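Undergrad: So you can see what is in the structure, the chains are spelled out below.
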Amino acid sequence: MTESIHGVRAGTVECPVDGERLTAVLAQADADRRAVCIAGGATKLGWGNRPERLDLLVSTREMRSRCDVDADDLIVTASAGFTVAEVRMRARQAGRVLPLDAGCPDRATVGGVAATGDQGARGAGYGRVRDLALGLKATLADGTQVKFGGRTMKNVAGYDMSKLFVGSFGVLGVITEVTFRLLPRPEAHGMLVIPSPSFEEAAALVARILHSGLQPLVLQIIPPSLAVRPGTSTPLTGSKAQGECILLAGFAGHPAALDRSLADVSGWSQTRETVQLADEDMEAILDNLAGRGAGGGDQAPPHDEALVRVRAAVPVSETCRFADAALSLGQVHGLALEYQVNAGSGIVDLWEVDRQDSTDRARALTDWVVAAREAATARGGGLAVVAGLLSLAAGLDAWGETGASVRLMKAIKQRFDPHRTLNPGRFVGGI
Amino acid sequence: MPASLLKDLRKLVGRENVLDGIVDLQTYEYDAWGERSLPSAVVFVHSTAETAAVVKLLAREEVPFVPRGSGTGVSGGSLALDGAVVIEMSRMNKLLEIDLPNLCAVVQPGIFTWDVSTALAPYGYYYAPDPASQKASSIGGNVAENAGGPHCLKYGVTTNHVLGLEVVLPDGEVVWLGGKNPGPGLDLTGVFVGSEGTLGIVTAAILRILKLPETVKTMLAVFASIEDAGNVVSAIVAAGLTPATLEMMDHRTIVAVEDALACGYPREAGAILIIEVDGLRDGMDDVAERIAAICREHGALEVRVAQDEAERATLWKGRQGTFPSITRLAPNYMSLDGTVPRTMLPEMLRRVEALACSYGLEVYCVLHAGDGNLHPCFLYDGAKPGEKEKVEEASMDVLRICAELGGTVSGEHGIGVEKLPAMPFVFSDDDLRAQGFVKDAFDPRGLCNPGKLLPARETPPHD
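Those protein sequence lines, which keep their order, are chains A and B. So for the first sequence, the numbering used here puts the first residue at 1; every next one is plus one. So for the second sequence, the numbering used here puts the first residue at 432; every next one is plus one.
Keep in mind that the hints were calculated from the coordinates and are not lab data. The structure presented is a predicted model; accordingly, all values stated were derived computationally and were not measured. Just so it is clear, CB atoms sit at the ideal spot from N, CA and C, and this is done for glycine as well. Among the clues, some could well be false.
Unchecked claim - In silico DSS-like cross-links for lysine-lysine, where the CA-CA straight-line distance does not exceed 30 Å:
1. LYS585/B / LYS147/A
2. LYS642/B / LYS525/B
3. LYS487/B / LYS410/A
4. LYS566/B / LYS442/B
5. LYS748/B / LYS566/B
6. LYS585/B / LYS642/B
To be verified - Under 8 Å between C-beta atoms, here's a sample of chain B residues computed to sit facing chain A:
7. LEU456
8. THR458
9. GLY614
10. GLY616
11. GLY621
12. VAL869
13. PHE873
14. GLY877
15. PRO881
Said to hold, decoys possible - To give a feel for the contact side, a few chain A residues facing chain B, derived at Cβ under 10 Å:
16. ARG128
17. ARG130
18. PRO186
19. SER212
20. GLN270
21. LEU383
Start from the sequences, fold in the hints, and give me the full structure.
TA: So, in structure tokens, the structure goes:
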């Protein structure tokens, strides 16, 4: 594993195997006022700001004491170090689905996914990670072990601390175990590949689907370059025209409901070039896409050299307009960009295709990030840099402005981690 | 309350919007839990600015305050302890925006839950969480309590439907938490929902809205015993079917509801299930038939599918009227809302019945069975010496069993004052201390709804 985050090197790496060992490591570091950064599978170390200080990198990947699927109660409780792919496989063996679609599922751990809230294309149907984590265990900066939430959907005992910890980027504590909700395995899956001449036209179809009462699992818009069979350059649309962008509209459920959904969407799309994919193709293609977004892909260590990637969130009706605007801004700045648009969740991932070793690269990228962030913020959303921060001008915050509520976030951080031991300076507002 | 403070409050909101007469105050000294505590004043607010001004003033004077919606909470969450001032939110009841393209609505906190869906219905949308009190409860209260309801099995609870909140913090500052799709940061919306009014006051909420389902099928399944019904609940979910609701009633409850409302439940049944499926019409008949088949395999005496809207309404009338039908039978009642993993329901029900027997109490059970959320209701006469104490003791035993079986002490009613003693059943001292960090961060001076949700701590908050 890499020992550096955005060029800041850790003196030591620790991989505790259980909560007791983690407690000892953190308590000692906290007492010694040493700074600790946290990793799971290290797939998202490129997210966030440069750590202010870094003495020790703690990985949870060896924390693997339990992974219990309870098929009848539709839950799984797993130690932080299990990978998404491993838990997914165990759920599948029990006839269930783990509703996490994180990038790099073979390396990303469930602890890391809980800490970052990373969710991919299937998130349009699965929902947000914060709504799927029913409870968790964590170790605080001083080594205290705590547990929040539980094993039931309904639980209002005390503050909903699981929500606070999911997506908290390791600044409040180290997540050591998570209980996720599982879904029954759908009887049937199907996905349409719909070429579209413009984002505008794709957006119109997306809106129609979102307001139809159909329950899409996937509403992902991708460029033709990504709409290929995994590992090949064969277009998903076969020999047919590719269009400007491709909408993937996927559904799962009762076979009759699936047939109806696919038929409705085919009918609404204005192209005759729609292709329907079989189950296994759908899964392979979505798994491939999951590795291409902000949650993973070609971010293999060392991250310091990574191409720039950003992830924006905007209100769902603005998704396509924002993506269009951000890509146009990229052209203005002479950048070659690729994208994935989760039109069901309002998430837009954008990234540099090729590294241009020109002297202007840093400036062009920085100007573009700033402009794209403004476009997202103006729509009521936000934009985070999730890779390649070192390629951008120093001082550019990876997360952007957070608004007045950042003072509450700082106050919470201060109580949980008064010595700023955990991930110092890595998250929003410098917390 | 000092006359000068009353005067200042009246200056902020108008004379008629501050109550301090004893009779007025007595109207606000209780909620649906039933215990009493007299507020020092009641202040009606009409806007975010007014709310902020009132809170700022009270914070300056170090006077505690408690936001109040409709007072339908059943755990004492809106009770004014420590001479708190009640800030009455019911006048802020407007629907501010329906944003169909973004599938959300923005509302003020005082709006009745039911009115949100009523306003959305002409457009073909609704707001999913449906607590039994939805015609009287307010969104602000639902947010504070993270309210549930029968349809949570498929659609989740309030927190899954709140995207953002405008909040007046305990020092009077106004901030937005979350948004229609907010940028990164700690999920403050997530921790605020269910915080029982202890972290601040909601003055606007962005709610996720859903398309009304194309079709709904409601059925009644009748069982000889509550165990049979409990096993069916697990079997349906295990078969991969996700009904919108899986509601259960025990024999005593069925009789009480029939006596009060006569909605056609079989009086001799050991238990009934009200099962509803919704969604696209395609495949729905098949799903309903599969559920019926599972019921029959597990010994259902009868499975009846509502043939029209009137029959469906009648089935639901009994479920929605359950509480009043039971509670009219005795001077006092105690209703709980513990939750267990749904596969534990049969054992839980067995143990509740045995426990009631050992205390010599009668227990009525109605359950959001699909969620493992049970409402055992003990009836008693508080005028008889020792009765109340006995029921309280039995209740704590019930919650202890919920915790033992891997569940929790409150599924939807909240901790409030009522269940403070039960918090240690599910949380260690360290767990509770960590929750205290959140309270300290939002409300370092402890002025906002004091005495709720977290048991008193020995150590003072550090700041």
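Undergrad: Run every hint past the structure and note whether it holds.
TA: Here's how the hints hold up against the structure:
About 26 Å separates the Cα atoms of LYS585/B and LYS147/A, which keeps this hinted pair within 30 Å; it holds. For a cut-off of 30 Å, the pair hint linking LYS642/B to LYS525/B stands: about 21 Å separates their Cα positions. The hinted pair formed by LYS487/B and LYS410/A meets the criterion: a straight-line CA distance of about 21 Å does not exceed 30 Å. At most 30 Å may separate the alpha-carbon atoms for a hinted pair to count; LYS566/B and LYS442/B exceed this at roughly 33 Å.
Distance restraint check for LYS748/B and LYS566/B: the Cα-Cα separation of roughly 13 Å lies within the 30 Å cut-off, and the hinted pair is therefore satisfied. Restraint check for LYS585/B and LYS642/B: satisfied, since their Cα atoms lie roughly 14 Å apart, inside the 30 Å limit. The beta carbon of LEU456/B comes no nearer than 29 Å to any beta carbon in chain A, farther than 8 Å, and the hint placing it at the interface is violated. At about 27 Å, the closest approach between the beta carbon of THR458/B and any beta carbon in chain A exceeds 8 Å, and the interface hint on this residue is violated.
The interface hint given for GLY614/B holds, since its Cβ lies 2 Å from the closest Cβ of chain A, which is under the 8 Å cut-off. Hint status for GLY616/B relative to chain A: holds, with the closest Cβ pair at about 5 Å, below 8 Å. Hint on GLY621/B holds. Least Cβ distance to chain A is approximately 3 Å, under the 8 Å limit. About 5 Å separates the beta-carbon of VAL869/B from the nearest beta-carbon of chain A, less than 8 Å, and the hint is met.
Given the 8 Å rule on beta carbons, the hint for PHE873/B holds: about 6 Å separates it from the nearest Cβ of chain A. With a least beta-carbon distance of about 14 Å to chain A, the hint placing GLY877/B at the interface is violated under the 8 Å criterion. Among the interface hints, the one on PRO881/B is violated; its C-beta lies about 16 Å from the nearest C-beta in chain A, farther than the 8 Å criterion. Taking 10 Å as the C-beta cut-off, the interface hint given for ARG128/A holds, the closest approach to chain B being about 9 Å.
Taking 10 Å as the C-beta contact cut-off toward chain B, the hint placing ARG130/A at the interface holds, the least distance being around 6 Å. Because the closest C-beta pair between PRO186/A and chain B is about 8 Å apart, less than 10 Å, the hint holds. At a threshold of 10 Å, the smallest CB-CB gap from SER212/A to chain B is about 7 Å, leaving the interface hint in force. With a least beta-carbon distance of about 20 Å to chain B, the hint placing GLN270/A at the interface is violated under the 10 Å criterion.
With a cut of 10 Å, the hint placing LEU383/A at the interface with chain B holds, because the nearest CB-to-CB distance is about 7 Å.
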